[in-house]
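Q: Given next are the chains, with one letter for each unit.
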Amino acid sequence: MKIKFWGVRGSIATPGSSTVRYGGNTTCIEVRSDDNDLIILDAGTGLFPLALTLFPELPLTCHLFITHTHWDHIQGLPFFIPNFIPGNTLRIHGAYDPIARRDIREILTGQLQYCYFPVREAELKARLEYVTLRERQTVQAGSATVSNILMNHPVLNFGYRIECQGKSVFFTGDHEHLYNIYEPDDEEFAEYELFMSQKNQSIVEFIRGVDVLIADTSYTLQDYPAKKGWGHSTFDANIALAREAGVKTLFFTHHEPTRSDDALERVLEEALTRNPRQPGDPQFLLAREGLVYEL
Amino acid sequence: MGHSKEKLIRLVDGMPAFPPSVYHILKLTADINCAPKELVRVIDLDPILTIKLLQLVNSPYFGLSRQIGSIRQAVVFVGINTIKNLALTIAPMEMLSRDTQNSPFLEGLLSHAIAVGVIARHLARREGISEVESTDFFVAGLLHDFGKIALHRFFPRKHAKALALADKKQLSLLEAEQQILDLDHAQIGALLADKWRLPPGCAASMGQHHDWRVERSSPVLDCVYAANIIAKTIGVGDSGNPVKESTLPPEVEHHLGGTLPELIGTLGDLSGEMHKVQLFIHSWQSGSSGNPIDLT
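Here the protein sequences line up with chains U and H, keeping their order. Residue numbers for the first sequence follow my numbering, so the first one is 270 and each next one is one higher. Residue numbers for the second sequence follow my numbering, so the first one is 24 and each next one is one higher.
Errors might be hidden in some of the hints.
Claimed, not checked - Only pairs whose alpha carbons sit at most 20 angstroms apart, straight line, appear in this in silico EDC-like list of lysine to aspartate or glutamate:
1) LYS60(H) <-> GLU375(U)
2) LYS271(U) <-> GLU432(U)
3) LYS497(U) <-> ASP54(H)
Worth flagging that the hints you see were computed from the coordinates, not collected in a lab.
Using the sequences and the hints, build the whole thing.
A: Structure follows, in structure tokens:
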């Protein structure tokens, strides 16, 4: 299995001289099974440069998994060039939105309305298939299996676990570690702690033992108090998660859009100093646009 | 009127209580930084809302892999923001949606009520009213014709007669109700507002939306009064009243900064907003857990 990062930036694309090394495109991760099945996690702006590399493989079948449909995770989709070419198949998976009452197809075709984009869905030449997933539904993507768990973000967000021939990857999508909404002296505090530990435990068990964990790490400990409840996590929370779940490699991604390359390296270093290396620790790496990681 | 007054009081006594949680939720959620535990507290105090929220969270819409048994557990598993948005959509609909099934009149009235709520909020925003306060305008508009629902529920045959009479003679429904029932929806609306201790703007909207006078003018009443006429003019929903006013009182025009056609011109495309509210009510009525949608 092979992973390639095409977009590692959170929230909004950030081109410019201060993000040249880690990249400014928003979330998009290419995963290849050993049989070269194409699995794509999220369709942020990084999907476009990825699409440009696919011509030699046409016609192709692509398995796209959308963690959630916020802009930075879908904006590249209209520019997925294989969609304009007959013979290709794009199978799009994602959650139902119970607030807007729309399934994944309704949400994404909304993006192709004439006022947003000149080409309507009906005019696309590829075969588009939509799969609205339930939590923990497992689907086959070529030779790989993909299962999901609900994470914590202000919209339903699935974290996906991909497994193929003994190798595994988990991507959180956007996720904020859980926190207790009560104060310790509130009577509801203990009950909420219990629910949190159940949910945390279910996430840890779901991730347990993966070779690669790719985690939304938008914030530092200093950033976090002002951004609590925004649905993104910290270096420290993800280091703890990776340790508890016994993963082998942790990639920090969804880099905060105002963070320069230098600042990003600095805050990682600070986080690693705060969390000194322990025996059995995973390796901790910053996700970088263009980086290929072979499992 | 002696006889009907007794009837009225009996009728009002028989109406359900207005959930105070509706107001609290609208207020709390208008603040982006509202404390999650406050929201949970308000929902916890309203057993009906709690049950409906849990029904939805456990429905196939969410597709969760486990059963959720309490609001706090729901907050942990699907997130405070989702619960907040769910509560926000459920709360004000709760009062209106219960009785409207299987009645074409009440269906049409519901669309009309939604339109008046959405337009009243739009007019309030135009006036520079804050988002927190503009929810009052929405609820006031949504509930302005609640007296009709009460009449229709308690005197179904007579109210149907009043509707037919208004239609045949092109009378205002208010007059037709007076002729047939010896009472009208504005009277009962005022009494209900009083029983429910609704804020003055909302009470005025329910009791005086046909009787605008300068001395009673208030921002909420002006907006609901105009919104009611606008909704009828643009033909969204059906209030059961065949009489359509073609102008607004000059004072209302002055307060809202435009004539009827000018105000209609500012609406833009509110149809999406109305459609969404309507869809929600329909899916709500069809029973969120009883009729699962196809998610395959």
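Q: Now, for every hint given, state plainly whether the structure supports it.
A: Against the structure, the hints:
| no. | hint | in the structure |
| --- | --- | --- |
| 1 | LYS60(H) <-> GLU375(U) | violated, 33 angstroms |
| 2 | LYS271(U) <-> GLU432(U) | holds, 12 angstroms |
| 3 | LYS497(U) <-> ASP54(H) | holds, 15 angstroms |
Against the hints set out earlier in the document, a violation occurs for number 1 only.
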